[in-house]
Structure formats: C-alpha cells, structure tokens
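Novice: Protein sequence lines, in the order shown, are assigned to chains A and B.
Here my numbering is used: the first residue of the first sequence is 1, the next is one more, and so on.
Here my numbering is used: the first residue of the second sequence is 10001, the next is one more, and so on.
Please keep in mind that the hints were generated in silico from the structure rather than gathered at the bench.
There's no promise every hint is true.
[What the hints assert, rightly or not] Now the stretches of chain B that chain A is said to cover, found in silico as 3 or more residues with beta-carbon under 8 Å: (1) 10048-10062; (2) 10096-10103; (3) 10121-10127; (4) 10137-10149; (5) 10194-10203.
[As the list claims (entries may be wrong)] 20 Å max Cα-Cα, derived SDA-like pairs, lysine to any residue: (6) Lys343/A <-> Ser280/A; (7) Lys719/A <-> Ala768/A; (8) Lys343/A <-> Pro10259/B; (9) Lys343/A <-> Gln10063/B; (10) Lys343/A <-> Ser10196/B; (11) Lys343/A <-> Ala10083/B; (12) Lys719/A <-> Thr680/A; (13) Lys719/A <-> Thr767/A; (14) Lys343/A <-> Glu332/A; (15) Lys343/A <-> Arg425/A; (16) Lys343/A <-> Arg10255/B; (17) Lys719/A <-> Ala758/A.
[Stated by the list, open to error] Label pairs and their calculated CB-CB ranges: (18) Arg413/A <-> Gly10023/B: 39 to 49 Å; (19) Ala10038/B <-> Leu402/A: 31 to 41 Å; (20) Trp485/A <-> Gln10257/B: 35 to 45 Å.
Owing to the predicted nature of the structure, the values given are computational and were not obtained by experimental measurement.
Beta carbons are placed, not taken as given, at the ideal position from N, Cα and C, and that holds for glycine.
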Amino acid sequence: MNGGWLGLRSLRHRAGQSVLVALLSMTAIAACAAGPMYERAVEQAAIRSQLSHTGTAERGVTITAGSAGEVRSYLPVGAEQALFTTPVMGFQTAVSVTAAHSSFDAIAAGRDDLCGRLRITAGRCPATGLEVLVSSSSSRALNVGVGDRLQLIGRGGSAAYEIGTARVSGLYEPFDPATDYWFDRAYSTAAGVVREPRGDIPDLLHSDALLLTPAGISAFEAARRSATAGSSTPFSYFADLPVPAGRIGIDTSRRLLQAIDAITARIDAAHPAGDPNRGSVRSRLVPLLEQADAGRRQSRAIIPTLAVQLALVVLVVLGLVVAVGVDQRRPELALARLRGQSKRDAAGPYLGEIAVLVTGTLVPGLGLAWLGCWLLCRWWLPAGVTPEWRWPVLLGGVAVALVEVALAVLLARRATAQPIAQLLRTVAPTATGRGAGAAELALAVAAVAGVTVALTGDRNSAISLLTPGLIAILAGLLLGRLALWGARIAGHRALWQGRLAVAVAGLQAARRPSFRRVLTLVCVAVALLVSSVDQWQVSAVNRTARAGAEVGAAVVLDVRAPTAAKLRSVVADADPAGDYAMAVITQRPDGDSSPVLAVGRRRLNVIADWGFARDIPSQALLDRLVPANRPAPIVFTGRQLRLRLGSAQVVSDDPTSPESPQPVSLRLRLRRPDGSLTTTRLPVRAGTVPGTALGGCEQGCTLSQIELVRTVGDFLAVKVAIQLLGLDVSSSAAGSWRPVPLGGAQDWRNAEEAAAAAGTAATTSFTAGPAGGLVLHAVSHGSEATLQHLDVPVNLPCLLAGPGAGTSGDSDDGAAAVLTHGIDGESASCQPVGSLAFLPRVGTGALLVDLDLAIAASQSELTNSTASIWLRTVDPARERRLTEALTAAGIPVSARSTAAERRSVYDQSPPAWSIRAALAAGLVAVLLAALMIVIVAMTSRRSRGYDLAALRLLGLPLRLLRRAVLIEQLLGVLAGVLAGAAVGVAGARLALPALALFVSPSTVPLPSYRTAWPAVLLVACGALALLCCAAVLATVLVLRAVSPAVLREGQ
Amino acid sequence: MAGVRRGLSVSAHGLVHIYRLEGNDVVALTSVDLEVPAGQLVGLLGPSGSGKSTLITLLAGVQRPSAGRLRVGEHDLAVMEDADLDRLRAIEVGAVLQGAVRNLLSYASPAQNVAFAQKAARRLGAWELPRPTEVLDLLSLADCAHHRLVELTPGQLQRLAVAVGMATLPGLLLTDEPTSQLDHRYRDEVLQAIGSVNRSVGTTVITVTHDPEVAARMPRTITIRDGRIGAEGHGGEDFAVLGRDGSLQLPPDVREQIPPGTLLRVQLNPDGTVLLDPRPGRDPRPGRDPRPDRDPRPGRPAGGLPGAAP
C-alpha cells in the first residue's frame, strides 16, 4: 500500500476541512510575508513622498565651479550617472540694464538647449554675438521689444564692468520653473518685473532673466576678461543634476549619497579646502533623507508589530483548526495505536497531511501576500511603489509554515500521548473549565508581562503597540473560562426552571471546548479591529486638527494689501455677516521677537480652525483684547483746524542754565479712514491760533495724539503748562468753525509712559482747566511729549499664546507689558490680558492683538507683515466673489493654502500608512473569527449532531433544539463582541500615546486621544452582524446533522 | 499462508482492575482466574458493566491490570514496557472493537485497511506477513478487496473488521460484540468466519457477546458477573466455578430464591455432592420470612439447588 495515496485519500475524505486548513495556512503565510513586504513598500513610499513634496532643486544636486570645464570634470561618472537625469549646464551673472525707456537690474543666464525648452513668442533664438531673450511679461512691463538695444553693465563680483550693448533677439513666454530642466530657477514671472522700494528714490526694478545662448556667454566672458574688474569672479558656472523622485528608493538613496560624496571628493582633489576658487556641491538630499528616515523608523516599529499580531491570530485560528482536526482523527489515532503503532508513528499520517497542505500553500501564501500588498500600494501609497520580493519576505513565509507544522506536531503528539483507552472513548470529554492548559497559561503570563511592561516602561516602545492584542488575549482567556462557568450555571438554572432551550444551550456550551476557543478568538479579533479603528480614527482626527491649526482656517488666501485698513474694509464689505472671511495681519519680526497675529476678535472663534474644540478660547477672553471703558474716538471732518489756547507757559526747569526756553508747538496726529496718518502742527501762543489746512480729512479724521514739539536743538529742561480751551474745525477757511470735543483729562495719557518713568522721555499729562478745557503739563529735557487719546490704548491688550510669548518690559499697570512689534513693524509694547494654548497658523510663542486697535496704533504700511484672509469653509462660489472684490480693490491673491491640502500631506506619511495596515489586520482577524465559527460547526457537527439526535429521541422537539443551538452560537458571539469592543477601546487608549501620529511630533495642537465612539460603535455593530451571520450559518450546519440515523451509525 | 502462528494461551490469576470515574474508584474486575488454552474459541458472556470489555482491553494490552497476573502466551502483561505492549498489539494480539466501522478507515479500501493494520508489524520487522488479499481471502472477502466500504454489506463490514484484527495472523484474536446490530444471516456469516479463522490458523479467539445463540455455538463460554468469573459453559451446560480462594458464585436463579445475607450450611455428602442448606431463621430483609415455602420435613430445603449438583 502506498501511504502517500492513503494520505491523499484522507485529505479528499475531509475535503472541506482540508480546504479550510489550506486557506488558513495560506493566510498565515501571507500575513507574515506581507508584514516585511508592506513595511518595505511604506519605507520606499516615505522616501518617495518626502522627495516628491520638495522642489526639483531641493532634491537635486547643483555643482558650482569657476568654469564650465571644471564643472564638467566634477559630474557623476559611471554608475553614478544612472541616479540623475541628464545634467543641465548653466551660467548666470547679474547685470544692470539700460534700455531706451527704462533701466532695471536682471540676471543674465544661459543653459544647455535653451531655445529647445522655451516657447519664443516673438523674434528668434539668439544666434551670434551679444543677443539676448527677454520674457514677454518683462517686455510689456518695461516696454522692451524685439530689436531693442540694451546697455549692459556687469554687477556680479567685487566690481562693476562694462559688457556692451546687447540686442533683444526675441521674447520668450514665462515658464514653470518646477521642472527637472529649469530646476526651480525662477527666471521668469507673470508680472515680468519686481519693484524694490528704496525710500525717497525711485523703486529699483528687477526684470525677468535675460537668457543667453553659448555665443552670448562667450561675449560676457570676453568682456569680463578685457575689464579690470574686482578680484572675485562675477560668473556662476554650474550644473544642475535633477533627481527624479520616482526613481529614488531605499537602496538608490544610499547610492545617491555616495555619489554626492564622490563629487565632493573630486572637488577636494582639485582644490584643497580654503581655496577661494574651490567649487562646491549643494544638495538638500541629506536632511531630506534624514527626515524620511524618521518616517521609515516609525513604519519599521509599527508594521511588523501589526503583522506579528495578525500572524499570531491566524496561527491561533490555525491551531484551533488543527486541534479540531486532531480531535476528529482520534478514532484513527486510536486505531493506529491499537494496531501497535508507536505514539510517534500514529501521528505520522496526520502530520503528513498537514505537511502536504502547508507546503502546498507556501507559494500561494506568498502570492497572496504580494497581491494584498500590491492592492494596498495601489490604494494607499504613492504611485510607483510596488511590493518587493526580498529575503525577509520569504523567510517570514517559510517561518510561518514551519511554525504551522510544529503546531500540528505538538497537538498530534499530545493526542497520541493519551492512553489508548481514552482515545477509544466515543463520547468527547467534558470541558471542565478547570486547569488551564500549559499553552494558555504561558500565553496569559506573556500577556500580563507585556501589559505590565507597556504600562510601566517606556510608553513609546513598540511593545506598547502590542498592548491591545495582549489585553485582548488576557480578556479572551478569562472570558472563555468565565463563560463556561456562567453557561453551566445558567444551563442548570434554566433546566430547573423548565426553559429547555436555554438549558440545552448553556449545558452544551459548557461541555464543548470549542465554545471557549471561539469565544476567546472572537474577543481577540473584535478587540483588534475596534482598537485599530479607534486608533485610525483618532489619528485621522489629529491629522485634521493639526492641518487646520497649522493652516489657520479651511482656506487661507495670502494677499498683497497696500494697507491693513483697506484689507479689513474690503473683507468686511465682502462678508458683512462676518461668518465666512476674516482679515489677518501677521507680523513676523526678525530675531527672537514673538510673531504677532492681528485679527478681528469677533471673527476669530467663528472662522479660525483651532483643531479641537477644547482649544477654542472663550469670547469673553477675546473681548479682553479691547478695553471695556475706552473713550469714544475724536472724529471730525473738515479742511481747516484752529486751536484756542488760554495761558501758555514755558519756563526753564534748570536754574543753573542761563538760557531761555525756545518756543514750543503742538502737533496733532490724525488718522484718515484708510488708516494712513497725517499731522498738523500748530504754534503755541495765548489766544486763538489761526486755522491750519488739514490734508485728507474731508472724509473724517481721528485725533489720536497731541505732541508737544520742542525747537530743534533746544535741550533746556522746561516746564510747560498750556491751557487748551478748544479745538475747532471748518470746512473752509471762511466757513463757520465747529468745536471738536477733546474729552476729559482722564481720556489722555502719556504715550511714552514707561520711558518717562525711567527718565528718558518727557513727562506729560492733561488736567482739567479752571475755566473749562484741558491744561497740558509737561516737563521736557528736549524730547517731545506725547499725549495719546485712550480710544487706542498706549499698550495694546494682547493674549499670549503658549510659553515664550513676548519679552517682558516695564509697566506701571501691575502686569508687565510685553515688548513686541506693531503690524507696521515698529517696536511697540502690549499689555497681556490673558493666555491661550496656541494660535492657529503661528503656533505658540506668539501674541494676539485686535486688528482694529493694531491698525489704529500703527502706520499704514505693512513692513515685514503678511496680509491674509482666512476663510471658514471651502466655498468656491463665495471665494470667487471675494477674490473678485479683492482684485477690484487692488489686492491680488498671491497664494492659497487649504487645510485639506495639508491634511492630505499628513495622510501621505508613514504613520498614516502604518495605521491603515492595522485596520486591514483587524478586519482580517474578524473575518478569520467568522470563518472559525463556521469551521468549528463543520468539524464538530457530527458529534454535536449525535448529542442533539439523542435529545431528539428523548422527545425534545426540533424547534426547541434549533433555538438551543442558535442561542448557544449567538451567546458566544455576543459575549465575545461585547468584551472585545470594551477591551479594544481600553487597548487603544493605552496604545495611542505610543503610536506615532506624525513623522514630526505635533506640538500644536497637542494630540487628543479621545475615543472615537461613533466609529467604534459602528465597527462593533458591523462585526456583530458579520459574526451573527456566521453563527446562523453554523447553526444551520449543525442542525443538518441532527438525525436519528446518526445514533444508529455511531460516531 | 505466510506468517501463520500458533495460538496463544491466556492465563489470569487473581486479576484485579480498578479505574477512576468522576473521582471514585470503580472495581471492574476482582480476583479473576482464567485459563484459556492455545487455539481455543471462547465466548465471554455477562451483563452490561460486568467487566467483559475491560477484560478484553486488558488482554489486548490497551490497559494494565491493577493487580494480579495476566499472561498471553509467554508475555506477562502486567510488567511489560509500553514498547513491548505496542509490539504485542502489532504482531501477536488482534483486537476487533464493537461496531465494525470503528475498526476501519472509512476512506480506505478493504485491502488498504488490512495493510494499515500491518503497518506497525512491518515496521517492527515482521516481514513474513500475509498479503492483505490473503487475509481477506481468509475471511472470504477477496472479491471486494478494492471496493469502497460503503459498497459492502453489514456482514462484509464486520468480517472486514475481523480481517483487520487478523491482519498479522496473531495468536490471539479478541472480538467485542462482533455480531451485534447484525441480522441472522450476517451474524452467521461472521460466526462462521471467526470459527474458520480459529480452525485454519489456530488462533485463540475470545469473543464478547450478549447473544445466547452466539454463546450456544461456542465450545466454551465464560460468564462474568460483577467483575468475577461467574460460570463456565461447556457443551451447552453451565457450571459454577469455584474460585482459587474458595469463592463460588451462585447462578442468578438461585440467588433469586435465596436472598443475600442468608446463612448457608455447606455440607459435603459422601457421594461427593455438596449441599447448601439455609439456616432456619428470619429473613434479614424486614417483614420477610426467609423460607415461606419451607418443606415441613426436617433437614430438606424447599427445592433443589441447580448449582449444587455433584
């Protein structure tokens, strides 16, 4: 007899079970092989994503040297060349250009194959001599055309030199620099010219690049040689080496870095360090790849852990199936032992079958792993990333196959070690629920140890990620034991109460080991799924929150606004309800000063994205940004202004000085409606000071400050007392005068209070005059004394965002004022009135001020400030209308960013990809649990059918037995799902702090680990529904075996 | 036929077997004395739970006796190592379990089943084994050597089970209820086959049966009651067996007449007969007269004692 044929007959005899074992074996092999395969793919994707999110120049390499020939000598050679696309040799230098109608500065640049890459809209490519191409946009902006002559002066290097007259041979269309060829060199713009303000002299104009062919470059070099310009070269010769993001992976990145090192070595060999003519190699690849490495390390920690978890679940399922298979073969094992076979030999045929199945599923399992990874790569990872066959993948698959065989050996040997008499028993032994098996005990001990380490040790260790699985195993084992105990009690109680269906269900469950195993597995699988869904949802919420808080709002439009007041006005007109758009000015001073965010306090809560609701400040806190009892602003309209004074005393405060005080004057600082400032100066003498013309106050001006102005050069210490009886305005010189109320003395305050207290500025104040009006008192040592009307506080109220916001200054108000900058870039101080966790877009260490007050306290220009408009929602129609209104008002939008775009960047990162794998693992685990329920029903239905048939013979109706089986099945599923869901939530809470949500830690906003209850409940219900379906199917399978014929046949 | 062996004798002296059931010790066999010469065909009778199957499992080396001596041929089963017991089952003792299908691999053909039963013997070096078809021929199953089991009749299945037990032509064949669940035709087939094996091979056969008709066909029957040898039958007549310790089990019909606890006067008559005379007195059972039908003549019991014949 051929034992092999007998084995095959046995496999065929139990075809269903053999197929299931094969499927499970295949799944286990696939799970273990897919782990390293997907992890490798994620690592590749991390590099690819990192590089694709950076510019061509950033991920490329630029070699610079003193001549084109030298640059060529440094270029990659041999195998290094394959890492780059074709190098582009280039040349550039700075020139000053004088044309017929304009003068401007420009870059003169040349590149290989220039004319082949340009679209020439007029004229032709430069042919010979000194000919250049001008961009069509510069041509329009600077009134330069084809055929024009340009006088060129070289500016690069240490001295200017004469180049000569170049002819414009053609115009080129502005191009997108973000291509491998142009290498992010922004030689052209849509505007064609950039203006550089230079104060009182005319703005300096910068045109788009003048492009040259080699002939032009030679002309430049010739001019340079004939000139006796400075010592350093004005020319930059370089080679741009683009690195295609799609071609760079883990292995190629190493070779790439080696290639850069080789270039550096060639430069070192040609020019020792310190040589001024030494070339250089520039690349940001090293920091970029280091950043990608951080993501790769995270995926290396997370994905294998998940794969191991899944493989363990699959192996447990496989173990249970093998155990059931061994149980089914007990009669065969008994026969073999009865016929004199040794314990080892008796297990041989079954182990042979398992070996055949496992060996046969090795290749399909690896194929399944590849297919699964390929699908995941297509769905989740950047295009071009595919699974790779590597040794760890094959080793993983083979290792699982060996473990499967070892598992079968263990279980089969354990069975054959039993006495033959026990093997020959026809009634299955009762599950007593006592005496946990050694394997279960070992598993429980490992789980307890793991949880202890996870909770007490390094919370960021990989073992913390195993916490959900470990807790689930513990809970599952415990639940299995408790369930048997509970089922037995419930069964007996129901029996006494006459509820036979429940009694049969409880007692059957209590005597079947598979009930406990299925319960444990369902608990573990549901816990893994719920935990992974919770972690996935929490990480998604955190990604959304961080993206929103970092961008500032759903949409942020960066604009070029002439003044903050105009921007505010346009936005207010476009969104009168104030629930959609918000003007924001961000001042980012140089140095260590804190950035300042100026926003409308009423709109901030509505429009800004704070990430989490917990971080949204109360409106009451934001209202502190504007003092509650500030006086109404002094607003008037007119063309003429006059001052009525009573007495005006200016006396020396220095008895040692023989000098007499010089006359003083008053200067009124006025703010126009558009935010611009104007001043008017009035002499000080008793009586009515004649009218002074006002500029730009026809639409209304606000009096913000009154300054006492000393005569230039007069530094005598003086005491001043000027009685202001009134201020009048008139629409014309001959018109009637209207009084302007100046308010009470308490409405004014020294604008230089802190400095005055330190003795470095004049002291000044208003008091109420004896005959009405105000009396200005001042003590000045030559400096001006300024009284500020308190409709705008001297120190703007501000909220401090996070630690390190602002530098403390002096204040006599109790709380120290903070030195900062106004939105005009001028130094200022603000008075902290509260604190916030952070500010959207600027983060921590920043200050928040009210935009209205910030505008009132600053000059109109926005030096170093960024103007932007934050939009609450993505609403293309409203956004288009707003943009049109902005454009009409002369405020172009320069950039647009959205929270969704930022979110998608975070979605395309290793932590997000890794946690998705957890989701897949959880799903597979639950599917396996459902499969296990069916498998157990299929494999045990004969013995269960025997029991039920016996009950049937005793007179129990089939309907009752049907109910009993269904209750038994559903009981296990329900208990397992409930416990699994609870354990999954708890496990996720423990594991989340260890889970990397981002490549770089999120400090703003701080991560939130709140359980995603809707998702958890939804998934738990879904798992319950799926497993209930499996339970119903199992019930049907078992009931099909209930027939009196079973009793006659025996088991 | 290759590999034919002589029958093995069986000998048990003071055999005791105790097993644990739900925490309690249960005495299955107590002080069993038995001698079966080689080549004998013996029927083992007795009510359910009397210990017949236990005796069979002990003889098959599946269980070990708790006390006493048990020999099969030259082998003392009480002291044999596990490996030696394996070898015994592989070559020298064949066992047929109750229920034909329990002895068979349902997916294998009759020939493969026999070959499976020979596997251990081959591994142990018993090369002179008969071919499976020869064994099947012995049981008149040669024609269906390669049939599927579902194609066999119940009688053929049971004969196949016997063939599997006889796969190595052992010296001792133990069969447990080989004719249960069979109608008369198939029962006769099986009994004929067993008898044929016994005659042609010389194998000692011990068969457990409940069926009196089967027992009647056995040249020797041994009845076990309450874990002891209760009686032996020879040629259709039952005899009480005097134990090595002098104990004697009365037949059931006598025990019905004389309640437990009754004192018997044992009297050996000059003609060699033994008289068991109940002592006059009260029935130990409450409210019962121990001898309601007592013969008024002094010194005579109410009826004869069938088990006390000389």
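Novice: Going back to the hint list, which numbers does this structure go against?
Specialist: Going through the list in order, the structure violates hints 4, 5, 6, 8, 10, 12, 16, 18, 19 and 20 and respects the others.
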